[in-house]
Structures are given as C-alpha cells and as structure tokens.
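With these hints in hand, go ahead and build the complete structure from the sequences.
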Amino acid sequence: MARTRAPELTLLPSEEPLSLLREDGSPVEDSPLAMPDDDVLVELHRRMVIGRRFDTQATALTRQGRLAVYPSSRGQEACEVGAVLALREQDWLFPTYRDSVALVTRGVSPLGTLTLLQGGWHLGYDPYEHRVGPQCTPLATNTLHAVGFAHAARVKGEDTAALVMLGDGATSEGDTHEALNFAGVWRAPVVFLVQNNGYAISVPMSKQNAAPSLAHKGIGYGVPSVLVDGNDVAAVHAVVRDAVASGGPVLIEALTYRIEAHTNADDASRYRDSAEVAAWLARDPVDRIEAYLTSRGLLDTARREAVAAEAEEFAAHTRAVMNADVEPDPAELFEHVYATTPAHLREQAAALREELA
Amino acid sequence: MAGALNKALADALEADPGVLVFGEDVGALGGVFRVTDGLAARFGDARVFDTPLAESGIVGTAIGMAMNGLRPVVEMQFDAFAYPAFEQITSHLAKMRNRTRGRVGLPVVIRVPYGGGIGGVEHHCDSSEAYYTHTPGLRVVTPGTPDDAYRLLRDAIDCPDPVIFLEPKRRYWAKGEVTSSGSASPGPGFDRALVRRAGRDVTLIAYGPMVATALETAEAAAEEGWDVEVVDLRSLAPFDDETVCASVRRTGRAVVVHEASGFGGYGAEVVARVTERCFHHLHAPVLRVTGFDTPYPPPKLEEHHLPSVDRVLDAIARLQWDDEVVGSARA
Ligand SMILES: Cc1ncc(C[n+]2csc(CCOP(=O)(O)OP(=O)(O)O)c2C)c(N)n1
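First to last, the protein sequences are chains A and B.
Just so you know, the working numbering puts 173 at position 173 of the first sequence, and the rest follows in order with no gaps.
Just so you know, the working numbering puts 133 at position 133 of the second sequence, and the rest follows in order with no gaps.
Keep in mind that the hints were calculated from the coordinates and are not lab data.
There could be a bad hint or two in this list.
[Claimed, not checked] Lysine to aspartate or glutamate pairs mimicking EDC-like chemistry, simulated, CA-CA at most 20 Å apart:
1. A:K156 <-> B:D16
2. A:K156 <-> B:D147
3. A:K156 <-> A:E260
4. A:K207 <-> A:D126
5. B:K175 <-> B:E224
6. B:K7 <-> B:E216
7. B:K175 <-> B:D147
8. A:K156 <-> B:D50
9. B:K7 <-> B:D25
10. B:K300 <-> B:E242
11. A:K207 <-> A:E173
12. A:K156 <-> B:E14
[Claimed, not checked] Here are the in silico distance ranges between beta carbons for each label pair:
13. A:S202 <-> B:L53: 48 to 54 Å
14. A:Q348 <-> B:V32: 36 to 42 Å
15. A:N264 <-> B:V32: 48 to 54 Å
16. A:A275 <-> B:H123: 48 to 54 Å
17. B:P17 <-> A:N323: 47 to 53 Å
18. A:D329 <-> B:P17: 35 to 41 Å
Cβ atoms here follow ideal geometry from the backbone N, Cα and C, with glycine treated the same way.
Written as structure tokens, this is what we have:
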C-alpha cells in the first residue's frame with residue numbers, strides 16, 4: 001500500500017476490471033492500484049452518501065412536478081464521486097445530463113445543478129467558477145470540447161487536465177472516436193470516463209458494442225486504457241488520479257449499473273428484469289465502502305449518523321431552494337444570443353415587452 | 001482574394017498570440033486553395049497546424065480551446081465537407097453564450113470555401129449559407145472583393161461571437177487592391193452592408209460570389225438605360241435592414257441574386273424583409289435570381305445553374321412593367 005508510483009498505463013486493458021475492494025468490502029491484496037489514503041476514503045464515503053441523498057431528493061422533486069425530468073445516477077455514485085474527487089483544483093470536468101451528483105461533488109450548488117432540469121434556464125452555474133463545463137445533452141459532443149480545452153491548456157503552458165464523462169451508448173457516436181483520435185495524436189491531458197451502466201435508455205451493451213470491452217477501443221487510437229470496477233469507489237478514484245497524473249490521454253471504462261430507470265419518464269421494466277436489478281443492488285457501491293471503512297475502524301455509528309445528518313440537511317436545503325417558484329425574465333431571451341444584441345433582436349425584445357405590458 | 005485572406009490571417013496571428021489556425025492540410029501545403037500558404041513556416045506548427053481528418057473534431061476541439069481562452073480560426077476544406085461538423089456548430093458553437101447566460105462566449109471563426117463556378121465535382125460547390133443563417137447565435141459573413149476579404153476576416157477574428165466565414169471560392173483568384181491593413185480595419189463596420197455602386201432605378205442585392213456578377217450586370221444595364229444600384233450584403237446574419245431598405249426605398253425595385261437554390265433559401269428571407277419594410281415604396285414585386293432547385297450540377301452543366309448577367313438583366317426587365325414610372329424616373 002506504500003507504493004507511490006502509478007502503474008504503467010498500457011494500451012491493452014486488463015481482462016478483469018481493476019479493483020481495490022471486493023463486493024463484501026474486503027481489500028484486494030494484489031491490486032496494481034494504490035489504495036487511496038484513509039482520509040480520502042473517508043471523504044469519498046461522505047460525498048457518496050450526500051450524493052445519493054441528493055439524487056433521491058431530485059427524483060422526489062420530479063414526482064412533485066418541480067423538475068421537468070431527472071436522470072438518476074443512483075448506483076453510479078462510485079464513478080460520480082470517485083472521479084470528481086480525483087481532480088485537482090485546476091482541472092476541468094465536462095459532464096453529461098446524468099452527472100448531477102458529480103456536479104454537487106465538485107461544489108456546484110443544488111440549484112445551480114438542477115436549474116437545467118427545472119426549466120429556468122439552460123444552465124444554472126458559472127463554468128469558470130467551478131471549472132465545470134455545461135452539462136451536455138447531445139451525446140459525446142463534450143468529448144471534443146474536453147480535448148480542445150486540454151490542448152489549449154497545453155498550448156498556454158498550464159498544468160490542467162480535463163475529465164470528460166460519457167455513457168456506454170455515447171461511445172458509439174462519431175464524436176467519441178474523433179475525440180479519442182485527436183487526444184491520441186495530440187497527447188492531450190484528457191481522461192475519458194465511460195460509465196458503462198449497461199443500457200443506453202433501453203439498448204443493452206450486446207447491441208451497442210462488439211469489442212471485448214469499451215476500454216479496448218483505446219487501442220486503435222493509441223490511448224492507454226483501463227477497465228475498472230465502477231462500483232468500487234477506491235478503485236475508480238485511484239485510476240482517475242493516476243490518469244490525471246499521467247499527463248496524457250487515458251480511456252477508462254467503469255463497469256457499473258443504473259438502478260433507476262433512464263429518467264422518470266422511462267419504464268425500465270420493458271427492457272430489463274427485476275432479478276438483474278436485484279443482483280446489482282447487492283453490489284451497492286456505498287455499502288461496499290462502508291463495510292471496508294467499518295472493518296478498518298474508520299467508520300463507527302457516530303460518524304455514520306453524522307454523515308447521514310449532513311446528507312439530510314443537504315436534501316432539506318435542496319428541497320427549500322427547489323420549492324421556490326422560478327419566474328425567468330422573458331427579456332433575458334434576447335440578451336445572450338450575441339455579445340451585443342443586433343437590431344432584429346432588439347425589435348423582437350421590444351415587441352415582446354409591449355405584448356407583456 | 002486568397003492573398004488578402006492570407007494576409008489577414010498572418011496579421012491576426014501576429015497581433016494576438018491566442019490566435020490559432022488549424023484544419024485539414026493547412027500546414028505545409030497551405031490549404032488546398034493556398035489561403036494559409038507560408039503561415040506554418042512563419043508562425044510554427046504550434047499555432048498553424050494540420051489536424052486529423054475529422055470536421056466535427058475540428059469544430060468540437062475549437063470550442064474547447066475557445067472556452068479556454070484561445071481564438072481558433074479553422075478551415076473546412078469545402079462547403080459540403082463541413083456537414084459532419086453541423087451538430088457541433090448548431091448545438092454548441094451557436095448556443096454556448098446563450099446556454100451559459102453570457103458567461104462563455106466562443107470567438108471561433110470557421111472558414112468555409114463555398115459556391116461553384118470552378119468546375120468542381122459534386123460535394124465541392126454547395127452554397128450552404130441558409131443552414132447557418134437560420135441558426136441564432138452565429139454570425140455569417142462573406143466577402144465580395146479582395147479588400148473586403150481582408151477587412152471582414154480581421155473583424156471576424158476579433159469578434160467575440162462565433163463567425164461562419166464563407167469564402168466565395170470562384171473569387172479566390174480575383175485581383176484587387178487591399179487598402180485596409182494593420183489591426184484597425186476602417187470600413188463600414190462588421191454588420192453593415194455596402195452600396196458598391198449607386199443607381200436610381202433598381203437595387204441588386206448580392207453577396208459573396210455574386211457581387212462581381214451584379215456589378216457586371218449593372219454595367220450592362222447602363223447600356224440599356226437602366227441605372228442600377230448594387231448592394232453587397234457582406235453580413236448575411238445579422239442582416240443590415242437599414243442599408244438595404246434605404247436603397248430599395250430610393251429605387252422602388254429590387255432583385256436578390258444568389259447561387260444557392262431558391263426554395264427555402266436565403267433570398268426568401270431578404271425578399272420577406274424588404275417587402276415587410278418597404279411595401280409602399282415598391283413598384284414591382286421583389287424578384288430572386290438563384291440557382292435551380294436541383295442538387296448542384298456536374299461541371300459541364302454548372303453554367304446553366306449559376307445566375308448569369310443575362311438572367312439578372314432579364315429579371316430587371318421584368319421589373320419594368322410600369323415603364324412609364326421608370327421612364328419618367330430616367331428622364
Ligand atoms: C446525439 C444524441 N442522440 C440521441 C440522444 C437521445 N438520448 C438521450 S440519452 C440516450 C442514451 C444514452 O446512453 P448512454 O450513453 O449509455 O448514457 P446513460 O444515459 O446510460 O448515462 C439517448 C439515445 C441524445 N441525447 N443525443
């Protein structure tokens with residue numbers, strides 16, 4: 001555990017996903033990954049509990065009509081939290097619509113995170129303040145933004161890495177392949193984290209991909225690749241930490257599972273059976289780190305209750321801000337289309353003002 | 001015109017270390033039209049460089065670079081080869097400022113050689129302006145003369161918004177003096193149309209490759225006694241209603257000329273705007289002379305497709321049914 005150097009990154013991912021903790025929470029002795037420090041593990045646990053509570057709260061708010069839609073990441077907390085906490089302050093995150101827990105873990109406020117889904121505006125936070133790109137809805141397009149961003153950092157002589165999150169389905173889009181290729185050629189400091197949660201809405205992996213794994217797709221682009229257990233937060237944290245430290249592009253496939261439906265509007269029972277969900281519930285990423293921390297004496301009842309109380313408070317705050325009605329200003333429609341508003345938009349703004357007067 | 005564009009790029013690279021020029025074959029080759037000739041040698045391959053062959057990749061990475069403080073100027077090799085980048089352009093490039101409530105602006109210039117008239121085979125001659133002008137958040141500009149090519153490109157690179165810079169490829173070899181230089185580019189302003197030739201009877205509204213055709217038509221029409229005004233739009237989006245409508249109100253007659261197919265095309269927008277704003281000044285309906293509503297033809301047929309001086313003259317003639325008014329105006 002005292003090993004400090006990251007293992008050599010290779011093009012060929014391991015056959016079995018890398019891990020640090022077994023499903024029952026016991027440590028894997030011969031893992032090539034270095035176990036994160038105790039204080040990091042304790043923090044990973046805390047943020048996962050808060051993240052999960054936030055996710056449940058957002059789902060509940062959707063049922064109450066406060067959110068137009070919410071894509072839950074329940075079951076994927078190890079990826080959301082493990083990866084984000086592996087970033088350094090100066091690094092950037094390029095998330096998708098599903099990565100709300102990643103956003104709050106990065107410090108974006110609940111309101112800032114949910115504004116998009118609430119419908120008040122397309123984005124609720126300042127990307128430069130948190131070093132988080134806008135949550136991306138067109139699949140895989142953010143991969144190229146991350147590569148360009150990281151390349152620009154290199155050009156400017158800055159030590160900044162970009163972490164881009166994408167799903168298994170998004171790996172089929174052309175942009176993913178263009179991004180991996182650009183990143184390989186430019187040796188850009190980009191970490192591609194594919195959260196393979198089994199389905200792209202209803203389409204299973206078997207209909208998405210013919211390669212031995214999604215991580216294998218790095219080989220053809222000269223991008224080192226890692227296959228990791230996506231429900232093992234210690235392992236996810238370690239591979240992302242090592243990938244950021246490598247200074248070049250890395251493709252990580254994290255094997256995980258989406259416990260909820262694609263969004264609240266989706267009926268998951270049409271394409272997967274409950275036995276499958278039950279099997280994954282037994283591999284819960286939060287339970288796993290809790291079991292490990294408890295066995296190490298790093299988590300006792302008092303600490304567990306304190307973390308739960310903190311999560312409850314976070315949820316209460318989320319409820320409070322989301323229960324306030326939003327009335328976006330229609331005048332804002334015209335304000336941010338161009339740096340200076342052209343004549344035709346000034347005319348339309350005036351017409352709308354008059355209509356509303 | 002290619003030389004004027006080259007000079008504009010060189011001056012912009014010189015003026016601002018954040019400017020980067022990249023795309024397919026823009027480095028050692030200098031671009032298939034040589035617009036970037038010599039730039040890689042002069043500025044180094046960190047600032048002027050070849051990318052992998054992937055248009056979505058070029059635009060998508062340019063977006064990331066602009067988010068991180070650089071000013072990318074990218075080249076699409078030909079009009080129809082920009083289509084793989086369409087999603088990045090419409091979903092992200094055009095919308096980033098709006099999505100982020102003005103916090104993230106993207107000063108990206110996408111240079112697209114467009115239009116026909118060079119004997120190119122299919123997919124090399126599209127006029128794709130309507131796709132871009134229909135997208136709020138994009139500025140779309142196109143120069144009609146070498147001097148304007150320099151000026152517009154400098155303005156485009158300085159612009160805080162994304163600009164689709166359409167280069168009329170049949171005018172790359174057009175000669176003309178470049179009077180603008182240095183960083184400040186005096187001129188009508190980035191958004192403004194320009195009256196290229198003053199006249200009293202008819203306004204020809206043209207842009208890009210058709211500016212030269214419109215000016216030629218005006219000369220020919222003068223021989224028949226028609227005094228034709230030529231307005232070069234320069235900026236297709238935003239549209240300069242003021243200059244265009246002032247001209248049409250003076251002449252009372254207008255013809256819009258472009259190479260692209262007419263149906264659902266950019267000219268329809270111009271006609272609608274002019275009609276809405278100048279109806280009481282019009283002596284005749286505003287006409288369009290455009291390419292046919294067919295896919296761009298093979299090289300041996302393109303002369304039939306492209307608006308010719310004769311076709312524009314015919315349109316002008318069709319505007320003269322109240323000849324008395326025209327006659328008295330000319331008298
Ligand atoms: C370009 C594009 N095509 C289609 C969609 C509609 N869509 C939204 S999510 C989704 C499935 C994505 O699956 P995956 O990448 O595995 O991510 P997950 O939702 O599982 O996190 C689809 C098809 C989209 N958002 N973008």
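Results of checking the hints against the structure:
Of the pairs offered as hints, the one joining K156 (chain A) and D16 (chain B) holds, with about 13 Å between alpha carbons and a cut-off of 20 Å not exceeded. Between K156 (chain A) and D147 (chain B) the CA atoms are separated by roughly 33 Å; this puts the pair beyond 20 Å, and the hint is violated. Distance hint between K156 (chain A) and E260 (chain A) is unfulfilled; the C-alpha atoms sit about 42 Å from each other, more than 20 Å. A threshold of 20 Å between alpha carbons decides the hint, and for K207 (chain A) with D126 (chain A) the separation of about 38 Å lies outside it, so the pair is violated.
Simply put, K175 (chain B) and E224 (chain B) have alpha-carbon atoms about 28 Å apart, too far for the 20 Å limit, and the pair is violated. With a CA separation close to 27 Å, the supplied pair K7 (chain B) and E216 (chain B) exceeds the 20 Å bound. Between the alpha carbons of K175 (chain B) and D147 (chain B) the distance comes to roughly 10 Å, so the proposed pair stays at or under 20 Å and holds. With a CA separation close to 19 Å, the supplied pair K156 (chain A) and D50 (chain B) stays within the 20 Å bound.
With a C-alpha separation of about 18 Å, the suggested pair K7 (chain B) and D25 (chain B) falls inside the 20 Å cut-off, and the hint holds. Our distance criterion of 20 Å between C-alpha atoms is broken by K300 (chain B) and E242 (chain B), whose separation comes to about 40 Å. Our distance criterion of 20 Å between C-alpha atoms is met by K207 (chain A) and E173 (chain A), whose separation comes to about 14 Å. With a C-alpha separation of about 17 Å, the suggested pairing of K156 (chain A) with E14 (chain B) holds against the 20 Å cut-off.
Our hint of 48 to 54 Å for S202 (chain A) and L53 (chain B) is violated, since their Cβ atoms are close to 34 Å apart. At roughly 40 Å, the beta-carbon separation of Q348 (chain A) and V32 (chain B) lies within the given 36 to 42 Å, and the hint holds. Here the CB-CB span from N264 (chain A) to V32 (chain B) is close to 51 Å, well matched to the stated 48 to 54 Å. For A275 (chain A) and H123 (chain B), the Cβ-Cβ distance of about 52 Å falls inside the hinted range of 48 to 54 Å, so the restraint holds.
In this structure the hint that P17 (chain B) and N323 (chain A) lie 47 to 53 Å apart at CB holds, the actual value being about 49 Å. Evaluation of the 35 to 41 Å hint for D329 (chain A) and P17 (chain B) yields a pass: the beta carbon distance comes to about 39 Å.
Hint compliance for this structure: hints 2, 3, 4, 5, 6, 10 and 13 are broken, all remaining hints hold.
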